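Protein chains: 2
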Amino acid sequence: MSTLTVPHSLPPVSDDVEQLRKAFSGWGTNEDLIISILGHRNASQRKAIRETYAQTYGEDLLKALDKELTSDFERLVHLWALESAERDAFLANEATKKWTSSNQVLVEIACTRSSDQLFSAKKAYHVLYKKSIEEDVAHHTTGDYRKLLLPLVSSHRYEGDEVNLTIAKAEAKILHEKISKKAYNDDDLIRILATRSKAQVNATLNHYKDAFGKDINKDLKEDPKDEFLSLLRSTVKCLTRPEKYFAKIVRLSINKHGTDEGALTRVVATRAEIDLKIVADEYQRRDSVPLDRAIVKDTTGDYEKMLLALLGHNDA
Amino acid sequence: MSTLTVPHSLPPVSDDVEQLRKAFSGWGTNEDLIISILGHRNASQRKAIRETYAQTYGEDLLKALDKELTSDFERLVHLWALESAERDAFLANEATKKWTSSNQVLVEIACTRSSDQLFSAKKAYHVLYKKSIEEDVAHHTTGDYRKLLLPLVSSHRYEGDEVNLTIAKAEAKILHEKISKKAYNDDDLIRILATRSKAQVNATLNHYKDAFGKDINKDLKEDPKDEFLSLLRSTVKCLTRPEKYFAKIVRLSINKHGTDEGALTRVVATRAEIDLKIVADEYQRRDSVPLDRAIVKDTTGDYEKMLLALLGHNDA
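These protein sequence lines map, in sequence, to chains A and B. Residue 4 is where the first sequence starts when you use the working numbering, and the numbers rise one by one after that. Residue 4 is where the second sequence starts when you use the working numbering, and the numbers rise one by one after that.
Source of the hints: derived by calculation from the structure; they are not laboratory data. Watch out, some of these pointers could steer you wrong.
[To be verified] No farther apart than 25 Å at their CA atoms in a straight line, the calculated lysine to any residue pairs in the SDA-like style are these:
(1) A/Lys133 <-> B/Asn33
(2) A/Lys101 <-> B/Ile177
(3) B/Lys201 <-> B/Asp278
The structure displayed is predicted, hence computed values, not measured ones.
Model the full structure from these sequences, guided by the hints.
Right, dumping it as structure tokens:
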């Protein structure tokens, strides 16, 4: 469920474009005007705005925004203005160049998107970077990380609901055997998580819990500081409970000393039109405070306003 | 270049369908009639025939053909009647269930098709088998074979012509180092072959030859009986010289004692509309005998007639 609110009677695209242009011109930038427009337009409306802006002023709206805005607010508006496939390609490309925590982003993109969305991101990656996400992930990672991340970003998973219970039982057993032996980088363990359909992974993990008495992620917590184990747990969560996964990312980004704007920005920009309502509910259930209130407490200025707009506040 | 010949003035699809129905009815089957129609219709025409046949007679043409025809002829007509994405999915599915020589088929499909064609095959696989080619390949292979085949079938390679010469040089060096140490299953060696664009692989292998004085496939021939090495050589060939690869498959299928109809059928059915003319030229250059003559010598009956029809003989 989306949190985005779009006005009932929408001005023509040409008006939006003109207003944005106005917001950029003269002394200073009118951030409120930018938020009141872009913070309340859905993907196809933003796409139309970007196209019309380019036709009208011969300049990419993204370039104009980057010139006018700064820091966290700039990044949020920039990510939000991108089409979702482009945005995923952009985030994945950033992640291949950085290390450690950005692996999480790759898992997120590989495992929380539908197969078609992931494929669209791969096509956008070709167009934007003249290479494939697969080669960049493979090139910039090594060892166990590569072993896990490459098949995760590569697989085009089957998306039907059909589940093979014989396979679910057999593979739950394999997972349990490998985890018991601490063979976390085992070929079969990775194969199962990286190639099976989400419905099938879910059936396997349900059986795992039934047969062995514990959530697989509990068993994958042997060493809480082990980054590879943490990546495996993210994989499991992203595949089976994406809204819980995102709620946790948001929680960690807000609750640690100093907000982790990178993660907060990413989750809000990528989920506002998908399931941010559920993520926010999940957040509140766990933290006993509404997400918007937590955001107000932890952020300021235009960045805060844009976050709240995307969370559904109308008076941004 | 295609070898297929299609009549200048084509009968209406309804006529083709009626003629095929006639060929199936009465005493025996009129194979010549089947060949004269299906052996001279391109992909979209065959698709229209299959659709119209199903609408007219409430039966899948493929089922009707399977009932009427037998052995090699049946398989050739069956493969030929499939749409290319379905055919690739069908061949890949067969290959995941069998072992050894069928690995070649997976390499062939993964490396000689365009990224879009491979993706279409993956989508057809979802529809036909309610699972993904990735999970089947991963499930039915082990060890080094899985390590190579899974990324090969999974990657959506970049298809542009852009080449990064710095990477080409660096990766040629990596390949040479690994091969010198006989580390044929090395992570980086497989990563380079499995994820780089064909243009990039080609640049890297050209640099390999320039810098180290030998074709990589010569260096991958240490033990001619090693099946994994043979698969690596096929990968290289399929990525860089598909027509040479196919000519060799055809040559081996014809020249060994007893023709390997499986391979011959597959190559003719999958390449007739793509590059069978070049494959045949390549065959003749190497064997000093035209491919059609070699086929006449080695095959018989309706199977031979259909092969020749697909090779461009008009009097099939």
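What hints, given by number in increasing order, does this structure fail? Failing hint: just 1.
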